[in-house]
Each structure stands twice: as C-alpha cells, then as structure tokens.
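> In case you want the letters, here they are:
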Amino acid sequence: MSKLREVYGEKIDQILALYPAGKQKSAVLPLLHLSQVVYGGWATDEAKADVAGILGVDPTHVHSIAGFYTLYYEKPVGKYVLEICNDLACALRGADEFLEMATKKLNTPNHGTSADNLFTIENVMCIGACDRAPVLQCNLKFHEHLDEAKFDALITTLRAQAKKDEQSPTISEQILADIH
Amino acid sequence: MSQKHVLLRHRDVPDIHQLDVYRANGGYEALEKAVKEMSPADVQGEVKASGLRGRGGAGFPTGLKWSFVPKDADEVYIVINTDESETGTFKDRELLERNPHQVIEGAILAAYAVGAKTVYNYWRGEYMDAAHECQQAVKDAYAAGLLGENILGSDFSCDFINHFGAGAYICGEETALLNSLMGELGQPWSKPPFPAVEGLYSKPTVVNNTETLANVPPIIANGGDWYKALGPSERSTGVKVVCISGHVKRPGNYEVALGSVTYRDLIFGEEYAGGITNDNKFKALLPSGGSGPLMNDQMLDCDFTYEGPEAPEIGSVMGSASLIVMDETTDMVWAAKKATHFFKHESCGKCTPCREGTFWMESLLKRIMDGDATQNDVDVLNSVATNIGGRTLCALGEFARNPSLSSIRLFPEDYKAKLKVSDVHALPVAAD
Chain R
741 MSKLREVYGE KIDQILALYP AGKQKSAVLP LLHLSQVVYG GWATDEAKAD
791 VAGILGVDPT HVHSIAGFYT LYYEKPVGKY VLEICNDLAC ALRGADEFLE
841 MATKKLNTPN HGTSADNLFT IENVMCIGAC DRAPVLQCNL KFHEHLDEAK
891 FDALITTLRA QAKKDEQSPT ISEQILADIH
Chain E
100 MSQKHVLLRH RDVPDIHQLD VYRANGGYEA LEKAVKEMSP ADVQGEVKAS
150 GLRGRGGAGF PTGLKWSFVP KDADEVYIVI NTDESETGTF KDRELLERNP
200 HQVIEGAILA AYAVGAKTVY NYWRGEYMDA AHECQQAVKD AYAAGLLGEN
250 ILGSDFSCDF INHFGAGAYI CGEETALLNS LMGELGQPWS KPPFPAVEGL
300 YSKPTVVNNT ETLANVPPII ANGGDWYKAL GPSERSTGVK VVCISGHVKR
350 PGNYEVALGS VTYRDLIFGE EYAGGITNDN KFKALLPSGG SGPLMNDQML
400 DCDFTYEGPE APEIGSVMGS ASLIVMDETT DMVWAAKKAT HFFKHESCGK
450 CTPCREGTFW MESLLKRIMD GDATQNDVDV LNSVATNIGG RTLCALGEFA
500 RNPSLSSIRL FPEDYKAKLK VSDVHALPVA AD
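These protein sequence lines map, in sequence, to chains R and E.
Here the working numbering runs 740 ahead of the position in the first sequence, where the first position is 1.
Here the working numbering runs 99 ahead of the position in the second sequence, where the first position is 1.
It is worth saying that the hints were derived from the structure and are not from the lab.
Computed from a predicted structure; not experimentally measured.
The C-beta atom is built at its ideal place from N, Cα and C for all residues, glycine as well.
Worth double-checking, as some hints may not be accurate.
What the hints assert, rightly or not - Not the full set, but computed from the structure, chain R residues with beta-carbon under 7 Å of chain E: (1) Ala761; (2) Lys765; (3) Thr810; (4) Leu811; (5) Leu828; (6) Ala829; (7) Leu832; (8) Cys866; (9) Ile867; (10) Cys870; (11) Leu880; (12) Phe882; (13) Ile911; (14) Ser912; (15) Ile915.
To be verified - In silico DSSO-like links for lysine-lysine, alpha-carbon gap of 30 Å or less: (16) E:Lys348 x R:Lys881; (17) E:Lys290 x R:Lys765; (18) R:Lys751 x E:Lys302; (19) R:Lys763 x E:Lys449; (20) E:Lys443 x R:Lys815; (21) R:Lys890 x R:Lys845; (22) R:Lys765 x E:Lys302.
Sequences and hints are given; from them, build the entire structure.
As structure tokens, then:
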C-alpha cells in the first residue's frame, strides 16, 4: 500500500489531474515534495519507490530526479532544515559570517545535522531575498533581516515547538496539498 | 525621475492582491476588453506595438515570440517562468506575492492571444512560502469566472495551474524548464525545435517570464503605443523592475521607465538605493546578477536601457536588471569566485565545457585567493573562461565566464596583489 496515498488520499489524484492524460510523469516533483513530508523529511528509497509506483515509472527515474534537485535530501535531515544563503549578494551583507555563527551555535557542520536531530544546516544558492540578507528558510519558510539575536530567538522557538511536538503542516503540505 | 508603478502597483494600492480591490482598480478590465472586443490577433498586435521584451533577462520581443505559435495548432500552452534564481533577483517574487492578479490576468491574455487553454506557472520550489497569495488569487479568479470555462461569458476557456520545481537555476532556461515540467531532468535541449513550435508535451508553447506577463494587462488597457512611449527607443520601451542588492543603503525593488535614469541614479539616487552603505566608495556593479559583465565607476553614467550598458566601451548588459553593488572594501577575486561557485553548483552537467569549465574556473580562483597562484594561473583562468564561449547548449555557460573575464579586465590590480611573484607582467585582456 502506498503510504503517500494513505496520507493524502484523493489529493494525489487531484495533483495527477493537473496534467493531461498520459502525462502524469509531470507530477514527479510535487509528489516527491509530499513524499518527503510522509517519509521523515528526506527522499528515502521507499519514498522514491512510492512516487514511482503512483506514476508508473521506473524507480531509477525518480532516483535520478531526486538527485538532480537541491530540495530533495539524499540523507536523513533534522526536524528543521535551515537553508542559509551565502551567495554573493547575501555575502555582501554578512551572510558568510551569519552562516559561520549558525553552524557554531548549533554545533553542526554545514550540510550536517545536530546531535539531537533537530537541525540540519544547508548553505544554499540564492533564494530570492537578497535585499533582506542575511536570510534563511526553515522548512521553506522565509526568515529575513536576520542577525545573531534573531537567530537565537528563532532557535528557542523551534526547540519549544519540537518539545510540544506540534504537528503544524509544513509549507510544502500547505501549498501542494491545497489544490483548487 | 518619478516612480511609475505600472507593475509594483501594490505600493500605491493597499490589498491589491485581493480580487475585489484589484477589480476596483481596473483589474481584469483588459481581459474583458480582449475577450469581448478584440481578436487574438488584435491582442498580439498591441503587444507587438508596445515593444515589450522578455524581462527575465534575454530581452526577446514578446509579441514576436507569440507570433511563432502556429495558427492551426490543436493544443497550445502558456508557461510562466517563475523559476527566479539568478543571484540578486527578487522581482518576480514580489510581483506574485503582492500583486498576483496582474500576472494571472497577463497570462490569461497571453493564452487568449495564442489560442492556449492551459497556463502552467512554474515556480522555483523555494518560493512556496511566497505562493500563498497567488494560490488564493487563482481560486478567487476561478470563482469569479475569470478562469475556467467560458471566461466572462465568452467562448474562451483557460485553466491556470501552479507547479513547483525543487531547486535548480537551470530550470529558468526555457527548454530545461519544460523538461522539468514534463517530469524529466531539468536539462536544456538543443534548439530547434523551439518551444513555440514544439514545447510542452511536444505542443507549441510560449514560455514567458513572470514580470513580462505583468506588463500585458496595462498594455491591453492603455494600448501598445502608450507603453512604447514610456521608453526612449524602439528597443527600450516601457517599464522595468530593478532589483538592487549588496552595499547600498536601501536595497530592494524599484520600478523605472527605461531610459528615465542612469545606473548611477539607481545606486545613488535618493528615490532609489540611496548610495553606498556607510558612505563608502563605490567599486563595482554586477548589472545582471552573476550573469552580466562587471561595470566600474566610469561606466555608471550610461542610461538604464537595453542599449546603455551594451556600448562597446562598457561591454555589459541590462539583462534581468539585478544590480549587485560592491563597495571599495570588496575584493573582486573573491566576488568572481563567489559568482563562479554559483555557476559551478548550478551547471546541469550536460555540456562538457560548462560542467568542467566552471569547475576549473572556481579551482583557479581559489588558488589565486589562497595566494598560491602565479601569472600563469590567471592566464589559464582567462583561457578557460574564453573557451567556454559558444560551446554550450544554453546561456549558463556564457554567463559563467563573465565574472572571471570582466574582473580580470577591469580589476587586474586585485589579481596582481595575490600572485606569488612580485614581478608580474600586465594581465592579458580577454580574447573576445
């Protein structure tokens, strides 16, 4: 049984219906996004096989797609993935120093996950918020105009949230499972 | 020099992202006029007359692009390119976050003009958080009969679908975008076939940038001649959103009529970015994200038009108008390395000169940064960058050369200061 279908039910069919008959392969990206929500935050082999099963394509195809795009994670990630941009425009406004501060504070290497499995830090290319640098996305939610104090406050909030184990829907769930 | 908000209208009209506010301010009147009073050819004609060009950076005439779609096609698609990923570019995000109906209306008008019944809006995956308003706007437009069957009582029907990518700059290249939308790897194909003839699902497809389409409703409402008259020349018509980032006092988006300001105005003008942070001295400008050749202080007085930065003595481009401003404290080898790292990361790997060239350029820049390089390494960097030119399927390879070539050309002293030997000769000038 497809876990994706179990969780999202007819939403899956609504997503498939956005593309012409016979062209359902187009849904590979939205389904991979949702599969990461269902399979613990990253593109596990099971997640990719699930997507492949729904689309009727070879799992190796889904595997190659997952490897091509940066938002599909190929190894386990923390509950909160912090994508920090230190591209040129952001770096001119202190993003390199911000990234270094963040990795030190969470005792997490860049592209690594904290010991408590709460935080993964990924330094990423431009995320379209250069005028508000330093910036990060936490599970794709924008946090802008950051400094050390704001970063500390964010981390405190996230830790408290994690303790209560609040199951608030992620951005990708909100957007991708909300089909008109 | 006054601001003209044709595109950033949300700055003049609060809550324009809401359908009733948008309509109360003339929204969807252009669509009504088109479907009730104009033929598809009339709509194309107005856009051609306006001189509107692709605002994603390539600057191809929009009306001409539309006219390439075969008239007898059974299925045509409009695809909006919202894969905004160029370093320093954040205009399409603001348009869709704050004024989404204008883009939606522009896309429906484009669909009407070329006979399309479906619009796909391809967003970069990182913009999901910016898509809430657009998603709501699409629902509201359907509920109001502005999307779906028999739009505004006409026999024209059109669907609008938001589709999300997953992090790949290359998908801003139109054929890579279409491959991605079809569920394939986001890699460009060798043209021909051009998308207007054979695009999405092998059907004629028009791929337009988000900002480009936001221009279409005002063009249809006010006429192509009105839009054209906003700019100074045949090639530079209308308005453009300029993204300004880096070492400036007020980074952000600014809308200007083409030719109404110079680059210096945009960086130093009180109405615009307001000058350099801490009143430091200006050093360099990347005028089109990481993609366009650098400009120095002597070049800033050129007009903000397509032609301005292309003057032979400047040798740059307007492109997407993403201005990354750097002050006197910025090391241009460091900046070139940052920009080159971006292209190395984003190269899709299909063409060897781009895949290998970006790798070697970054390695050489790192060696120079580390103080381990001699003049010979700079020569090799220059040679690698030069030789990528004209040898890749898409523009990513061409863009990737510019940070190295233009920094060597304009800021040789930054390179010289890092070389191991003290008796360096004059740095070479790029072969092209």
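> Check the structure against each numbered hint from earlier and tell me which ones fail, lowest number first.
1
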